[in-house]
Amino acid sequence: MLAMTALVIWHRPTTRQKKSPASPSPSQDYPLVSLLKPVKGMDDGLEANLESFYQLDYPLYEILFAVDDWQDESLAIIKKLAARYPGVHTKILATGDPLAENPKIHKLSWLESESRGRLLWVTDASVRVEPQTLRRLVEKYSSSKAKLIFSPVLGTNSHSLASLMENTYLNFFTSGNIIALWKLFRQPVVMGKSILLDRSALKALGGFKYFKDYLAEDYLIGKSFQDSGFKVDTNYIWIKNISEQASLRSFFKRAARWARMRSKLNRPAYLVELLLNPVVIALAAMAVSGGSFLKLALAVAAGKIMLEYVNFLAINVPDRKRLVNHLSFPVMVMVKDLLLFAVFLLPFFSNTVDWRGHHFKIGKNSLITPQTDIEKLVYEEA
Amino acid sequence: MKKPELAHVVAVHMGLGHLRVAYPLRSLSGDKIIVWGSRGQVSRGEKKYWRLWRRIYYHLSRVGSYPVIGKLALKILISVERIPPFYPQRDLSRPTVGVRLLKFLIRKANLARSLPEYLKGDNLPVINTFYATAIALDMNVKGQEPPRENYVIICDADVNRVWVPEKPAESQLRYLVPCSRAKARLINYGVKEENIFVTGFPLPTENIGSEERMEGLKIDLMARLRQLDSSGKFFAYYSQTVQQLLGLSKIPDSAGRPFTIMFAIGGAGAQVETVARILKSLNKEINSAQIRLIFACGVQRKVLEKVLKFINRQGLSPQIGRNIYLIYQDDVFNYFDQFNRWLRQTDVLWTKPSELSFYCGLGIPILMAAPIGPQEERNRRWLIDIHAGIVPPGPPEYCAEWLSDLRKNGRLAEAAWAGFIKARKLGTYKIAKLLETGQFTEE
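Chains as they are written, first to last, in the numbering used here: chain Y, 61 to 442; chain C, 101 to 543.
The set of hints was computed from the structure by calculation and includes no laboratory data. Note that this is a predicted model, so its numbers are computed, not measured. Mixed in with the good hints, there may be bad ones.
[To be verified] Simulated pairs of lysine-lysine, DSSO-like, Cα-Cα distance not exceeding 27 Å:
no.: 1; chain 1: C; residue 1: K409; chain 2: Y; residue 2: K291
no.: 2; chain 1: Y; residue 1: K291; chain 2: C; residue 2: K132
no.: 3; chain 1: Y; residue 1: K421; chain 2: C; residue 2: K148
no.: 4; chain 1: Y; residue 1: K269; chain 2: C; residue 2: K132
no.: 5; chain 1: C; residue 1: K208; chain 2: Y; residue 2: K291
no.: 6; chain 1: C; residue 1: K283; chain 2: C; residue 2: K208
no.: 7; chain 1: C; residue 1: K380; chain 2: C; residue 2: K402
no.: 8; chain 1: C; residue 1: K267; chain 2: Y; residue 2: K243
no.: 9; chain 1: Y; residue 1: K424; chain 2: C; residue 2: K208
no.: 10; chain 1: C; residue 1: K318; chain 2: C; residue 2: K522
no.: 11; chain 1: Y; residue 1: K263; chain 2: C; residue 2: K384
no.: 12; chain 1: Y; residue 1: K291; chain 2: Y; residue 2: K313
Here chain C stands alone, though its shape is the one from the complex (with noise of 0.2 Å):
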């Protein structure tokens, strides 16, 4: 049975990520997320503005694997998203021309400007999980008797300033953060403390349990710890905090399936020659079982055909249903749903610091492929800050050599672990709570 409608969630696709942050809170709209800019939502004028800046973040985010044109490209993209740096702590609540350009194009171009007028029927909070629909909701929302809640939540460690409305001492917009890091950043931008929570990312909760045991996480980890520590180093150190914190009485023996590595592609494609190398080093490995690979395609053909011609390349394809898997769904939706799924199974998330280092919160090891643009530099830096990500030892063409070092010597565990104990990993739950109750306490 369905849940009462609690909110309004509303997405835009603009890559995955701000899709994904969406995917795990649609239990409190009903099973309804809104996705702005697309069909039957918005004029057809502003559809095609939303559809001209995807494929503007989807050049650039591929661009930089270009020779020359890419570094010039991926030089304009990290100064448009600029994150100035944390140190020393400033006032930073000066409008930055990011935030003039989003107030401009709300109140001139229309962007996101039929947005109340959209869901005027009541009077539910809105969740947003990108900037521009919660400065447009913002601007609605003064004068509004009484106020609709408007909450956005922060998918990355640290963000850029046109995350915050031109005036945010005067604002109502609320934050969802992921991480306290986020919450000093915003604090700097001048966002009222009372504006700000603190949750965590919202994780998928088929991936943890109940909010109280976490039952399917420590069921996960458990198997996970036992594939990543190869050699026993790990458990040498930690077997009892693990006992105690998972609740168990014994260590299981082995996980009873291969070694599970899950390469992220990106909703852009941008990791996508990574693969060739990466199949090319494991190809040994694959077609005698010991690992197993799962790509991670996203909703873009062109990605998984690319994929499929590298598997085939490398004469892999025996392998496809066997010990090499594609998630590769249209919708989009669909694709988080099998992206869950698998993402249970996997020992090893590769991925470029994006939003899902926040999954490290389920126990997952995270392999940082090279971040794109400032906030990805930021994620990335956090999951080093709480050792749950780890920086490639050396190129993909080798990483069947240092997978097994990075399994050998409880690296690999010790991320996986830290992750689990450091990283918030209830923000679904909390953010639930808090949107039922009003209440919210701060870890």
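Chain Y extracted, bound-state conformation (with noise of 0.2 Å):
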């Protein structure tokens, strides 16, 4: 965990974002790239988010959206947008909602055959960037030659204890692992909140349908590509993910989500994750050994806290200007870490995952068995 925040730390979105030059360099190639955005419903922040996607600094991209139907309540502000912005194409599709295979990757698929760019950027409607964002990721793109760029996510904006723990979750083991795992074994953990892709490479898989049946479409993204040959790289450009009104509901919900999809991705992993949990570990102890362990245990919680709280520092700088974000980030992370415990334990008892009304039963490698009976919705008199 010292590792793990010393390399947030030392990768932290002040630093390493301000290396590149301010504008785009005339010797270096720009290809066209589409910016691919399922959407679903009203986001924290949405339409700040969706903006910052029209005041980009690069030379020419496209923006694709794919809703569910042309009900969906974020329309009125993607044409807002789309109006305001004239100089940036935009093009808006509504691609169903499908039973039996993973939503995102649906809508992704349909996205992929409409748009243009030698680049695809795979971002979520809940994601706010820079305006060199971009820039600085087709960058890397051409000089190292990857296929598929991935990022540190920064959870940020929290108004509510929830979005707080949900967002300093994503801060410590989210991209903390992101990092950590890259640095030290060039492991990719890809994070569908932002991938670059390149689309031939894409295309050699078979495009994004190739993923269709999993839930876990990100990860196994990145795994397939570089399992395929594709290389695999990050900038450590961080990109902000925005959640200000989370609840706890929510929070426990996703968290069991991700949970669910990890402990089928790769279980003995999953099961060493415990240790990034070492408040459950101590008062574990203290509840088998009796007052003994509570010292220990009490030092533990304060050296989790610490960490926790020197990586919110080092990193959150929009929450850290919250006074009540340091007042409650003791208790934050106490009780954060008890409802993790009792998330870890979930994929151990059930395989379902609730996920925007869909139901799925997971298997391994999160491959999706739709938990709608088709039997079922065969009407009775029929």
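With the hints as a guide, dock the two chains, each given alone in a separate frame, to form the complex.
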């Protein structure tokens, strides 16, 4: 955990993101990039998130949105932004909602077929970026000859305790793992919040459709690229994920979904994750051995809180401006870790994942088996 | 419009072979192929059972390339699938251990026992592509009035005794066989001659054309022969015969595409390591568009990813979609569809002598990789006997050299022609006619 924290601080957004020149280099090749955005409903700060993609400092790009249907709440915002920035080519598709495949991949497959760029940049609706982000990603793509560039994620803009919890979890655990596993083992943990892909490499695998039966599509995209000999890389350009008003329920559900997927992707590694929750281990030891472990438990808890706090101070600049976040931090970490322990146990009892109205049973490598029984959909009188 | 159902087609997922046989027959069953052992048809227990067998099969198929364990596992596979020598001709009707084991599995472990129940809504004939479902049905058909016609397609040039029930003389199981050697073998196993139909292997009709004229096949073959005979040696001998049999007034000039080789990796991915060696040898030819390579990667993600890895290692990824094509689908029937399309543009099919050996009937020379198991040994022999198969004259890492020689000396063209002339091509049509009319005339 110490190493993880140190690596995250070393690659924190403030230092790394200033290394690239402020404007596009004339000698650099900047190919047309298609920004693919699957959207469903209203995410926190959606308008500002989407607007940040219209303000990119990049010569030529297009933005393609996919929604389930033309009644989606986000459409008004998308149309407003498209009208406000007529210089950026915008396309909106209503792709429907598939019953038995990964709904995000379903949208991405449609977007891929409608896009024109040599590069595809997949980002979530909850993501907000800096004007230079795309340029820096493309520069990395060109210099490294990688076919996939992934990014760590900065959870930020917390306005509730659950949001702070979710963002801290993203910054400490998720991005910590993304950076540490890449730095130490060259293992890409690709997160769907932001992936820059070479279209021809993706096409060689058969396009996004190749991943339609799997829920952990982002991780598997990275793994498939690497296993297929396509170079995968990162330049530690952090992507902001905006979570302002999350509830404990939504945090728990998201963490549970991710835990179930991780347990299906690599069970031994999943078991090792328990070591990243030493508070629970210390409390369990104290419960078993009585008071003799009290001091140790307190020391472990204090240590864990300190590490997460250092991480918070180092990378989450917007959130550290709010005093309430500092005051609630120790309690938040304790509650979060206890909740995450409960989450940790869930995959041992159930394989069912709920995701935006879908109920999936997942198997090895997060293979999807839809829970909806097709037979039950037959009209009674038929 | 869909044709009326003539039969149920029952396959199993035990490698691609038994599914590939079923695919051209889909029009007989209203486009519905029953893949026994898959979800929704069998009990959970039986599904697990089939999955276990599939895994064992896949591991045994792949394991041959491992050093010490591989050789041992291969010996086990060979002993299980052992086919006795053809000569001296003798009565081989006595059931083997495999036959008894299968009977035990059907009776006691309920292997495919629920199949008759699944099919009970009608009395249409059943065409099986795997012996276990055929024999399970045969055990059930006794006492049924009127008895359901029960067929099984033999997918190789010779077979193990396990394809025939314990008491063949009492069995009503009918055999659709690809070649006369398989018929002779079944007679040795005690199958009544009237229950054996030498139809030929069911080949995809989309690669043939009509039964009477075989237009598609002839057009493709002509283009292929032009590609294969780079020095004109083959045509020097055979141009008149080719013109006469393909119904041409003149031999056309060029095929208008690069020399195309399809390498079939196999359902279990057994041949995947050879890909690296082929790519290394053909790197220059691919980059200069002299050769086009198609890799048939099957339905396993791992296989496709490994092939891509080899392509990347050779720096050939820019050639994907230009001079390298990859056939991969996660749905096995979509895969066959794609495979058959590409086959029309293929000049040489490089494969282990599996059921694909019979595709030589389409006028495609078969370049034979090492066989796995006794039935593939027999297919290999059959291909050599009819001159449609070629044993690679050198290792894959030098294939650029020997492929060029085989083109120059006309041997590839000769093999393509021999396959077209000697192998049966109309299996799919003959099976359909047999079911429709009950009539069959052996050629």
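Distance restraint between K267/C and K243/Y, which requires alpha-carbon spacing of 27 Å or less:
Not OK: K267/C and K243/Y at ~66 Å, beyond 27 Å, violated.
Given the hinted pair K421/Y and K148/C, is their Cα-Cα distance within 27 Å?
Given that 27 Å is the threshold and the Cα spacing comes to 18 Å, the pair holds.
Can you confirm whether the C-alpha distance between K269/Y and K132/C stays at or below 27 Å?
holds, 24 Å
Holds or violated: K283/C to K208/C, with C-alpha atoms at most 27 Å apart:
violated, 31 Å
Given pair status - K522/C, K318/C, alpha carbons within 27 Å
Answer holds: K318/C to K522/C is near 15 Å, not above 27 Å.
With the threshold set at 27 Å, check whether the alpha-carbon distance from K424/Y to K208/C stays at or below it.
Measuring from Cα to Cα gives roughly 31 Å; hence the hint is violated.
27 Å Cα cutoff - pair K409/C, K291/Y
holds, 10 Å
Just to be careful, I want the Cα atoms of K208/C and K291/Y compared with a cutoff of 27 Å; is the pair within it?
Between K208/C and K291/Y the Cα gap is close to 52 Å, so the pair fails against 27 Å, i.e. violated.
Are the Cα atoms of K291/Y and K313/Y separated by 27 Å or less?
violated, 33 Å
Need the status of pair K291/Y, K132/C: alpha-carbon distance at most 27 Å?
Outside the cut-off at roughly 42 Å; violated.
For the pair supplied as a hint, K380/C and K402/C, confirm whether the alpha-carbon distance does not exceed 27 Å.
The hint holds at about 21 Å.
When you check the alpha-carbon spacing of K263/Y and K384/C, does it fall within 27 Å?
holds, 23 Å
Consistency note: the structure conflicts with the earlier hints numbered 2, 5, 6, 8, 9, 12.
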